[in-house]
Each structure stands twice: as structure tokens, then as C-alpha cells.
Amino acid sequence: MSTSAIIAIVLLIAAVGFTLGYRKSQRLAAGSAQKAHSRAVYHGMFVVSWALIPSLILLAGWLIASPALIAADIHADMPEAIENGTNPRLAYQMVEGIGAGLRALPADEQDAAAAASAADLRAMFQRRGIMVASASEDYMVELAVKRNRLEDYSRIAMSAVVILLAVAGAAYGLSQIAVRLRARNQVERVVGGILVLASSIAILTTVGIIFSMLFETIDFFGRVSPTSFFFGTVWDPGFAAAGADPTVGQFGLIPLLAGTLYIAFVAMLVAVPIGLFAAIYMSEYASRGVRSTVKPLLELLAGIPTIVYGFFALVTVGPFLRDMSAQLNGLITGNYQNFIQAQSVITAGIVMGVMLIPFVSSLSDDIITAVPRSLRDGSFGLGATRSETVKRVILPAALPGIVSALLLTASRAIGETMIVVLAAGVAARLTLNPFEAMTTVTVKIVNQLTGDLEFNSPQTLVAFALGITLFAITLCLNIIALVIVRKYREAYE
Amino acid sequence: MNQTIVPAASVLHPTAAFARPVKMRGEKVTVHYGAKQALFEVNLEIPERQVTALIGPSGCGKSTFLRCLNRMNDTIEGARVGGMITLDGEDIYDPTLDVVELRARVGMVFQKPNPFPKSIFDNVAYGPRIHGLARSKSDIEEIVVTSLRRAGLFEEVKDRLHEAGTGLSGGQQQRLCIARAIAVSPEVILMDEPCSALDPIATAKVEELIDELRQNYTIVIVTHSMQQAARVSQITAMFHLGNLVEVGPTEKMFQNPDDKRTQDYITGRFG
Numbered sequence: 190m191s192t193s194a195i196i197a198i199v200l201l202i203a204a205v206g207f208t209l210g211y212r213k214s215q216r217l218a219a220g221s222a223q224k225a226h227s228r229a230v231y232h233g234m235f236v237v238s239w240a241l242i243p244s245l246i247l248l249a250g251w252l253i254a255s256p257a258l259i260a261a262d263i264h265a266d267m268p269e270a271i272e273n274g275t276n277p278r279l280a281y282q283m284v285e286g287i288g289a290g291l292r293a294l295p296a297d298e299q300d301a302a303a304a305a306s307a308a309d310l311r312a313m314f315q316r317r318g319i320m321v322a323s324a325s326e327d328y329m330v331e332l333a334v335k336r337n338r339l340e341d342y343s344r345i346a347m348s349a350v351v352i353l354l355a356v357a358g359a360a361y362g363l364s365q366i367a368v369r370l371r372a373r374n375q376v377e378r379v380v381g382g383i384l385v386l387a388s389s390i391a392i393l394t395t396v397g398i399i400f401s402m403l404f405e406t407i408d409f410f411g412r413v414s415p416t417s418f419f420f421g422t423v424w425d426p427g428f429a430a431a432g433a434d435p436t437v438g439q440f441g442l443i444p445l446l447a448g449t450l451y452i453a454f455v456a457m458l459v460a461v462p463i464g465l466f467a468a469i470y471m472s473e474y475a476s477r478g479v480r481s482t483v484k485p486l487l488e489l490l491a492g493i494p495t496i497v498y499g500f501f502a503l504v505t506v507g508p509f510l511r512d513m514s515a516q517l518n519g520l521i522t523g524n525y526q527n528f529i530q531a532q533s534v535i536t537a538g539i540v541m542g543v544m545l546i547p548f549v550s551s552l553s554d555d556i557i558t559a560v561p562r563s564l565r566d567g568s569f570g571l572g573a574t575r576s577e578t579v580k581r582v583i584l585p586a587a588l589p590g591i592v593s594a595l596l597l598t599a600s601r602a603i604g605e606t607m608i609v610v611l612a613a614g615v616a617a618r619l620t621l622n623p624f625e626a627m628t629t630v631t632v633k634i635v636n637q638l639t640g641d642l643e644f645n646s647p648q649t650l651v652a653f654a655l656g657i658t659l660f661a662i663t664l665c666l667n668i669i670a671l672v673i674v675r676k677y678r679e680a681y682e
Numbered sequence: 023m024n025q026t027i028v029p030a031a032s033v034l035h036p037t038a039a040f041a042r043p044v045k046m047r048g049e050k051v052t053v054h055y056g057a058k059q060a061l062f063e064v065n066l067e068i069p070e071r072q073v074t075a076l077i078g079p080s081g082c083g084k085s086t087f088l089r090c091l092n093r094m095n096d097t098i099e100g101a102r103v104g105g106m107i108t109l110d111g112e113d114i115y116d117p118t119l120d121v122v123e124l125r126a127r128v129g130m131v132f133q134k135p136n137p138f139p140k141s142i143f144d145n146v147a148y149g150p151r152i153h154g155l156a157r158s159k160s161d162i163e164e165i166v167v168t169s170l171r172r173a174g175l176f177e178e179v180k181d182r183l184h185e186a187g188t189g190l191s192g193g194q195q196q197r198l199c200i201a202r203a204i205a206v207s208p209e210v211i212l213m214d215e216p217c218s219a220l221d222p223i224a225t226a227k228v229e230e231l232i233d234e235l236r237q238n239y240t241i242v243i244v245t246h247s248m249q250q251a252a253r254v255s256q257i258t259a260m261f262h263l264g265n266l267v268e269v270g271p272t273e274k275m276f277q278n279p280d281d282k283r284t285q286d287y288i289t290g291r292f293g
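Chains A and B, in that order, are what the protein sequence lines are. First residue of the first sequence: 190, per our numbering; consecutive thereafter. First residue of the second sequence: 23, per our numbering; consecutive thereafter.
Simulated from the structure, these hints should not be mistaken for laboratory data. All clues stand as given, with none of them false.
Here are the in silico distance ranges between beta carbons for each label pair:
(1) Ala219/B <-> Val483/A: 33 to 43 Å
(2) Arg369/A <-> Asn265/B: 54 to 64 Å
(3) Arg369/A <-> Ala219/B: 39 to 49 Å
(4) Val385/A <-> Ala219/B: 38 to 48 Å
Cβ-to-Cβ under 8 Å is the rule here; a few derived chain B residues that face chain A:
(5) Thr97
(6) Glu99
(7) Met130
(8) Arg202
(9) Val206
Small disclaimer: the values here were computed from a predicted structure and weren't measured. Ideal placement from N, C-alpha and C gives every residue a C-beta, glycine not left out.
Chain B extracted, bound-state conformation (with noise of 0.2 Å):
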């Protein structure tokens, strides 16, 4: 658990986490909700296999440039969503596009733990039974098993799996939502505010599990607080009343941000 206090971003090179591919781009990103613009022109790139922190105060934009990236947005009423977005070079905004294709590819955890009122192994192998990405029992057992494993819940629930999931602990849950997303094997996971609904301990444990999907996955993470940002995540970003401020590896910005508001921000000045 200890390891976790220490920034993750700081055992590596500034720059390294740029040196990586870029998994997703956002140009000229605007969004609309009605008549409300909420999302100004942002442009940010996700580097592939990083945790990139979407930081900045209530009502900035920040978990509204996440459910672009997904097209969550789709399913509220009266969003529109303007510029483009990349997945691996690919408009995912193109009216050709697979929405549900796309949805399995950049998976999502949400705020709140959302287990839905059916069996644990139900719960995570809902994804793989929707795509059919399972073709026998066996198969569907075999990635239930390793998608709970790589959430690190396997030991603690292996003995139940067939009670609802909405028994579990509020962190069980949140690790039983990651395991869900990861069942489809998605290729970037967007997380928002993970982990606002639990408390510390579980806390620890879900950004333990984000810093080891790193090696897999490419993790967008929307938070509200400073010290997770740079406890698991590589690069920052800061929003601001609907505008991207700054971006950076994660220790440059808590240590030298260029931009004020940011450093306002970081040091408990406003938000």
C-alpha cells in the first residue's frame, strides 16, 4: 500500500509518457448541452498504456470530454458534440462508425459503483455474452476468471460467484465494474472519478489495480483529487471553465505548472 503514496509519475522520465503512440486525439472538441456550451476547442492527445488524470474544478468540462470519448453523450438528450475525435487514427464520430463497436473498444467505469442486480459472474460476463466474444460455457468462464483476477476481487469473491453483485462492498463493486470493462477486452478504459464513492482503503486498492492495467490498457481517469492524479497517473490535464489550461507529465505540473490557474488549483486556491 505504501507504494501507492509515492507519484508514480515520478519514477519516470518527464517526457517519456510523450514519447509514447498516441492512443486517442481530441481536436477543436466542443460540446453543447441545449443552448450551454460546455467544452471550448480542446484539443489533447492520450498516450497509449499511460494514465492520463483529467483534472480541474466542478463543472469544467472534465467528465464531459471523458464521455466523448466513448460517445457517451450520445445518450443525453440535446448534446452535441462538435471538432473530431481519433481512435487509432479513426474519426470515432464517422456516421459509419459501430457505436457499439466503438463502446467495446473504450470501455468505462463510472462514478458510482453500477453492478447490475444480477449474479457477480453475470455481471462480468455480460459484455463478453452481448459481443459474443465467447463461443463455449468454458470460454465464458475462463475470461469471467481473468477479468476478476486482473481486477484483483478473484480471491476475495471466488467462492460466490453466483450471488448478485450488489452485495459486495462499495470497493468490490468499483473492482467488480472494472472487471466487467475488462471482460470485452477494451482497448482504453475512461474512468470517472472512480473512486468518489469509497473510502481510502479501497481507494488504495482500485489505484493500485489502475497503475498494474497500465501495462495493458490506456486508462483516462477523471478526478477530483490532487493526490490520486499524481499518486496513478503519468500525464495531467487541467480543465477550466470548459477550456483545456495545460497539459503535462503529471510531476511537471504539480511541480511546475506554466499556467497560474493550475497552480492555483494544485495548491488548494480555488475548485
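Isolated chain A, as found in the complex (with noise of 0.2 Å):
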């Protein structure tokens, strides 16, 4: 029986939990003197919570422990494979998909393959067209077919025990309904353990990417020493196209880092000033109606995806500032060479900057409508004007929430890829001129795991290791955002 027929059944069995529960509540405050404590519909969900927690459970640790169990098994029946000197993952992986193909079999050919031999076997997968490995050999098929058994029985035994789990369970809440029964109050804790699982699974999600790239770092930083990483000056991966000759290059971060953080810089540049202003004309010199229509307007911006501000760097912004530069220097000069390149740290600091105007007027306009209006009375009361009253008594309140507002976007730029991709170049080279092209971290990343590439070289594992720093990076940023919000906090409740 399949799993989602399992659920289905076990579903089925809390409906009918759930009526039965109602009713036999119903019946016992109509009979009795006394107030039924929960009302009937609490009662109801208790035995669906008794009929569908603990077999979810059991249905959950059998998926996760019967794989693992039967895999065991196998593994203990070969030994040949592993005298052959065959990698013992790489066999029972074999064995897995000559089980798989068996099942794909139809039924009167399933006797015949499961005593044929393993070349016997890939013919007649071939004339059915399924795939199998060229290099599996005759005892994996005898073993394809224990595996086979063994998961039948565990599957058979896992539907029988699940869904008598779920009726047991659904019974044993019946039989404790009662009209004094804390049902409303055991529900209460169901739901609070449900939001729970929610959040820690977020939660562990976030830890199994750390994780995921911690080891593949600590990979790479078994082949390239990490001094050299984090203080090279060059970055010079090298080519590790499979089955090439894989020489080792230089992996510096400083270039990357540094363009990284210019272009970072420059966006800032461009989009605090241009956002904070926005987000006080919205928030102290606006009509509410202009308002209505302004923030929507402007919040546009971080709907456009990034890739889109990509072409609008790399087809518009680009060429203009190259031809721009152009022409300037042809009338300062007389020669009419460009001094901006098309992909620089301008072109893509810009347009980051452009993305980033919403993010800092957001959030800002936010912390700004936040300090309390007796600020604004008082200081108007006190015959201010309205600048006046922003720069003296409204930007001072607000400015720890801004700083965090503004930690936020710095992370964000320093995060984003497309934009750079398109506009800032591939050129990892450290240089203070805004008007050539530099790299970022987050272009490195998608250039060193883009094409044909083995996954063990150090030319590949290199994008964990920058990726695990960019990650500390951002967020180092995110928590002094975070601290600064709760002093923030704490200082306005």
C-alpha cells in the first residue's frame, strides 16, 4: 500500500474519530447535570489528535528506519563486492536500481528475470526501456530480489501497524471523552506543539545548509591552505573541466571581497540618501493621499526581480555612462576615449543602488511613522518647522532603527547576484578605480560551479568556502542589526 494511501486511511479513520467524538459529547452534556467543559467540536479533535499523532509518528521513523535497516541487510551479504575492490555504496546503488527495474517488469516476466543472470537481466530491461548500470553483475540481481522481499514485508507490515495504530489511538480517545474531559485545553497543546515543528523546521533547515556547506569547506580547506584563501591577493582558480589535467591555482579572497564591498559601498551610496529622503517626504511632508499612492509606487521597485535590474545595467545604464564618458572626455580632451567600461563598479553599484531605494525607504518610512507623534507636537508646539523638527528631534529618535535599517541593505547588497553578474564583470582584480571592472564574491560563486565540472576539485568546493564566508558576513550583519533594533526597543517601551 502506498504512503499517501496510508494517510488517506489514517485521515479517514480521524473523520470518523472526530464525528464519533462530537456526537458521543453531545450525548453525554445532554444526559448530564453538570456544564460539559470544552464544547463538542474540542472533543472531536481530541481523538483526531489521538487518532493522528502517534501513527504519523510511527509512519514517519518507519519511512526513515526501514530503508536504513533493510540497506544493512544487503550490505551484510556482500562480501564479494567489497574484495572485488567495488565501492560498497556504488554496489548497493546497483542493487537499488535493478530492484527498482524489476518492479517495472510486467508480471509474467518477473519470475524469468529474477533467476536470469545480470547481462540476461539488462537485455531485458533495454527492450523495455529502462536504464540500469553497465557494471552490475549476477549476485546483485539475487540480492535486488531480497531487497525487493524484504521492502515488501516492510511496507505490508508498516500499512497493517500504522493504521491500527490510528484506530487504537481514535478508540482510546473516545473511550476517555467525558463531560469534565480538558479536551479544550489538551487541544491548546496540540496546536502549540504544531507551531512549534513549524518553526524548528525553518530552524533546522537554516542549520542543515550551514552544515551542508561546512563540510565541503572544510573539504577545500584540506587541499588549499587557508592563509592562503583568506589572504591571497590573487584568484587564479585554474581550469578543472573533467578529465583534465587539474592544476592547482590561487585562490585568493581579497580581490573578490574587496569588489564585493565596493560595489556594496557605492549602491549604498546611491540608495541611502535617495531612500531616507523618500522615506521622510512619505512619512513627515506627504498628505496621506499622495502617500497611499507614493509607497506602492515605490515598494514597485523591490517587485522587479533582479535579474531584470541585470539587463537594465548590462543593456542601458552601461553603454550610457560608457558613451557618456566618452564624449566628456572628447570635449576635455579632444580624445574620444571611453574612461567608464561598460561593466564596472559604477554601472553595477548604481543599479544595485536603484534595487536597494525600496529596502532603505521601507524600512525606514517604517521607523520613522513609528516615533511617537507627541515628538512631532511638541517640537511643533515649540514653533519648529517641519525640517527642523526631522533633523533635531525625529532623525535622532529614529536614527538606531535607520543604522539597523541600513545594516539590513548592506547585507542585501552584499548578497546580491544577478545585478553583478551581468554588470560588474568577471575580472577579479583589486583596483580603487570605480570606473573599471571589479568581481564579487556572489559572481565567483556562480562562475566556478557553472558548466562541466567534477565536484571534487578544489576549483569547485572553492564556491563553499566563499559561499560560508559571504554567509558570515551577512550575517555578522544581521545580528548587529538585530541588537541595535532591541536597544532600540527597549528604549521607546
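Could you fit the two chains together into a complex? Lean on the hints.
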């Protein structure tokens, strides 16, 4: 029985349990002098909880444990594989492949197939268009048959036990229903548990992502020394195409980090004043009508996919800056040579800055609006103008919040990928000239992972080291922002 | 403290207050908030260097009238003011009038103490600085100290002038706000329920202060407390449903009001 069918049956049992619980509760309440502790719907949900929770936990546990146990059993039966020098993991994968192939064959061919040699089986599979690894050996067929049998047993047992548990749970729940049963409180606990589960899944995923990067990063640092990575000033990873002779290149982080920070800096230079002034206009000067139109329009910018900004930079802003610089140079020196490259720090920075404007303005607007009205009144009441009030009362009061908003924006700028991939160029250069191309950590991650590459060379593994470095930087920025926000809250409540 | 319990008006001759020159005058003042009319043709004179109390049940328009006197209603979207209000005979709603200057002449203290998130010193120095009232650092210091003294706060805070104003107690914060208003040397001080967020002891101190400030300033106070109106004011104006019901010397208003609504309100029959 398939897993989804089992779940459907369990849900059906729960639904029946709900109805029975609901009716029993109503009946008991009608026949009792006491007032029922909980409404009938809570008694129904109480039964549902008992039917669902134990059985679904068991189902999940079984689905996780059973393949591992079967694999262990099969591994124990494979002495030859290890003698032959074949990787046992690879061998098991082939067994799995054959097992899956056997299941796909029509019923009348199954018995013949189970007795066939590996070579015959491959032929049978090919007729049916089933792909299977060419290195399979005879003993694997036998094991595959065994594996399929074990799997079948496991599944039948699982179906029976899970459904029985659901029925038993529902029956227990039903038997517990009484007029004074505190089903309402119990259901509340179940709801709490579900919410905790949801948030822990989110947190565990983050932890999982970090660990997956961490192992690859450790692998990388086994091949390239951390000092040459973190303090190296040359980025020249060499090539690592599949089959080619892997030359060890130089993996200096500094030029990439410099490019990342430089471009982010230019972007903030564009986004902070414009975004902040827009926020001040919207929160302090604009009438409600204007605000209700301008704010959503500005936030529309945030909805544009970053790849589109990338096009904009590549096709419009980059060439425009290049041509403008050529004209400017021509007017001044007579030499029509452009001094701004089409792909440059300034192009990427400006376009990224435009992308960040809505972040700055929207976050700052919320923070400025949160400054109590009484402070504005106090300042106006003393005869201050709007701009004096903004400069001397509102901005100082909102400053911690604004700083943390800017840090969050900066962490976005540092992690931004698509705009820089298209607009900043790929040359890992250390320069202070904003008119030349520089590259960023994210661009190099994209570069190192694109194409036909082996996943076990330093050239690809470096992407994980870069990723985790970037993650560490943005995490630090976010933590600082959170700390500032917390301090700010304490001051205002 | 005991002397503040005695109605301040009782020491005066009932008509003495009206003998004073008129500082501000409202003629047929109407206020609309959007489509809703909040004030109906109010005529009221504010005598110079007296405390005028505006009383009445919630939503009667007394705060609205107060906010007209220094055009704080301008900062509320959808508020429209009609009629005429004068300060020393000058129309304050005249388009050529500088609102910023008006508010320097007619200061305001709010219901909830609202010190800026700055030091005590900077709170008081705020007004003089933006209006350029001081030429030097020592000028500013002098204004701050004088204002704090007048607000009766100096002795309590003289050792921590550079600590945050928000760290003071509620009553101290309110007196800081009064000091802040005094620092720009206004002629009129408007107070919108200045004691509603304070405990009785802090309230007594602020009331004492209001009584002293009367020597130099014209004060208009909105209050929900009948006792407070009786204690601090010389003139009382009763508002009801956006109309001015009755105005007169405080003593007369509390002992022998002309209008039945005033009597009912003062004796606690509604409101």
C-alpha cells in the first residue's frame, strides 16, 4: 500500500473519530447535570489528535528507519563486492537500480527475470527501455530480489501497524471523552506543538544549509590552506574541466571581497540618501493621499526581479555611462576614449543602489512613522519647522532603527548576485578605480559552479568556502542590526 | 501644598479678572475635522496674565479650541478652522502670518509629558536654539537655568543636566516640558490636560507652578478635573458638544452658574 494511501486511510479514521467524538460529547452533555468542560468540537479534535499524532509519528519513523535497516541487511550479504574492490555504496546503488527495474517489469516476466543473469537482465530491461548501470554483476540480481522482498514485507507491516495504531488511538480518545474532560486545553497543547514543529523546521533547515556548506568547506581547506584563501591577493583558480589535468590555482579571497564591498558601498551611496529622503518625504511631508499612492509605487521597485535590473544595467546603464564618458573625455581632451567601462563598479553599484531604494525607504518609513506623534507635536508646539523637527527630533529618535535598516540593506547588497553577474564583470582585480570592472564573491560562486565540472576539485569546492564566508559576513551584519533594534525597543517602551 | 487646595479665584474680586486686557480673542470660531463639525461659533476672550480653564465632558471641543490658539490644528490632516482668532488684536489665521513665529509666542504643553530623547539641557535649549535666541554658549546656559528655575525643576536636576530627559519621573518630565515651553519666552502658554498622566503629588507641584507662572504669562488650561479648574484658574469656560455654554470668573462658575448644564457638570451629574 502506498504511503499516500496509508495517510488517506489514517485521515479517514480521524474523520470518523471526529464525528463519533462529537456525537458522544453531545450525548453525554445532554444527559448530564454538569456543564461540559469543552465544546463538542474540542472533543472531536481530541479524538482526531489521538488518531493522527501517534500513527503519523510512527509512519515517519518507519519510512526513515526501514530503508536504512534493509540496506544494512543487504550490505551484510555482499562480501564479494568488497573483495572485488568495488565501492559498497556504488554496489548498493546498483542493487537498488535493479530492484526498481524488476518492479517495472510486467508480472509474467518477473519470475524469469529474478532467475536471470545480470547480462540477460540488462537485455530484458533494455527492451522495456529501463536504464540500468552496465557494471552490474550476477550476485546483485539475487540481492535485488531479496531487497524487493524485504521492502514488500516492511511495507505491509507498516501499513497494518500504522492503521491499527490510528484505530487504537481513535478508540482510546473516544473512551476518554467525559463531560469534565479538559479537551479544550489538550487541543491547545496540540496546536502549540504544531506551531513549534513549523518553526523548528525553519531553523533546522538553516542549520542544515550551514552544515552542508561546512563539510565541503572543510574539504576545500584540506586542499588549499586557509591563509592563502583569506589573505591571498590573487584570484586565479585555473581550470578543472572533467578529465583535464587538475592544476592547482590561486584562491585569494581579497580581490573578490574588495569588489563585493566596493560595489556594495557605491550601491549604498546611491540608495541611502535617496531612500532616506523618500522615506522622510512620505512620512513627514506627504499628505495621506499622496502617501497612499507613492508608497506602493516605490515598493513596486522591490518587486522587480534582480535579473531584470541586471539587463537594465547591461543594456542601458552600462553603455550609457560608457558613451557619456567618451563624450566627456572628448569635450575636455579631444580624445574620444571612454574612461568608464561598460561593465564597471559604478554601473553595478548604481543599478544595485536603485534596487535597494525601496528597501531603505520602506524600512526607514516604518521606523520614522513609529516615532511617537507627541514628539512631533512637542517640536511644532515650540515653533519648529518641519525640517527642523525632522533633523533635530525625529531622525535622532529614529536613528538606531534606521542604522539597523541600513545594515540589513547592506547585507542584501553584499549577497546580491544577478546584477553583479551581468554588470560588474568577471575580472578579479584589486583596484580603487570605480570605472573599471571588478568582481564579487557571488559572481565567482556562479562562475565556479557553472559548466561541466567535477565536484571534488578545489576549483569547485572553493564555491562553498566563498559561500560560507559571505554567509558569515551577512550574518554578522544581521546580528548587529538585531542588537541595535533590541536596544532601540528598550528605549521606547 | 495646602494653599493650592484653596481656590485661587477666591482671593480675587469676581470681576477683577475681566478687568484685565484681552490677550487673545476668538470670534465665531468653527472647526471641522473632515465632514464632522467639532466647534460651533465659539466666542471667547482670554485675559492677559490670568489662568483660563476650559472644562467640559470628553469630546466637547475644549482641546480643539485650545489647539486653534497656536494653530496646532494645522498639523492634523482634514482640519479646517473658521471664524477669527486674534493675538494682541492681530489675526493669527492671516495668510501672511508666520506660523513658526506664532508658536514661539503661544507655547504649548501637552497631555502626556513628551520630552525629546535628548539630555535635559538640550530639551530646554531646543527652542532657543531653533529660534536663534542666544548668541553664545553662556546665553544658552543662562536661558536653560532660568527656565528650569521658573519651572521649579532646577534644584532637582542641577547635577544631571546632561542625562536623558526621558529618565525623569512623570511629574519631572512634565515640568521639563513646561521649562522647554518657557525657554522661548512665550506670551501665552497653552496646557492640554497637563496633569492627567501624573500622580496627585506631581499634580500639586505642577498646579503650584501654574499659579506662579500667572505672574508672567497668560495661561489657558484644558482640564477634566473640576477641583483643578477651581484651584488654579481665575476664569472658567464651559464647553458642551462643540458649543461654549458659559464663561465667567471661576468662583461664580462653581458657586452660582447661569446655565443648568454647567451646574449639572460641576456637580457631577454628567460627564
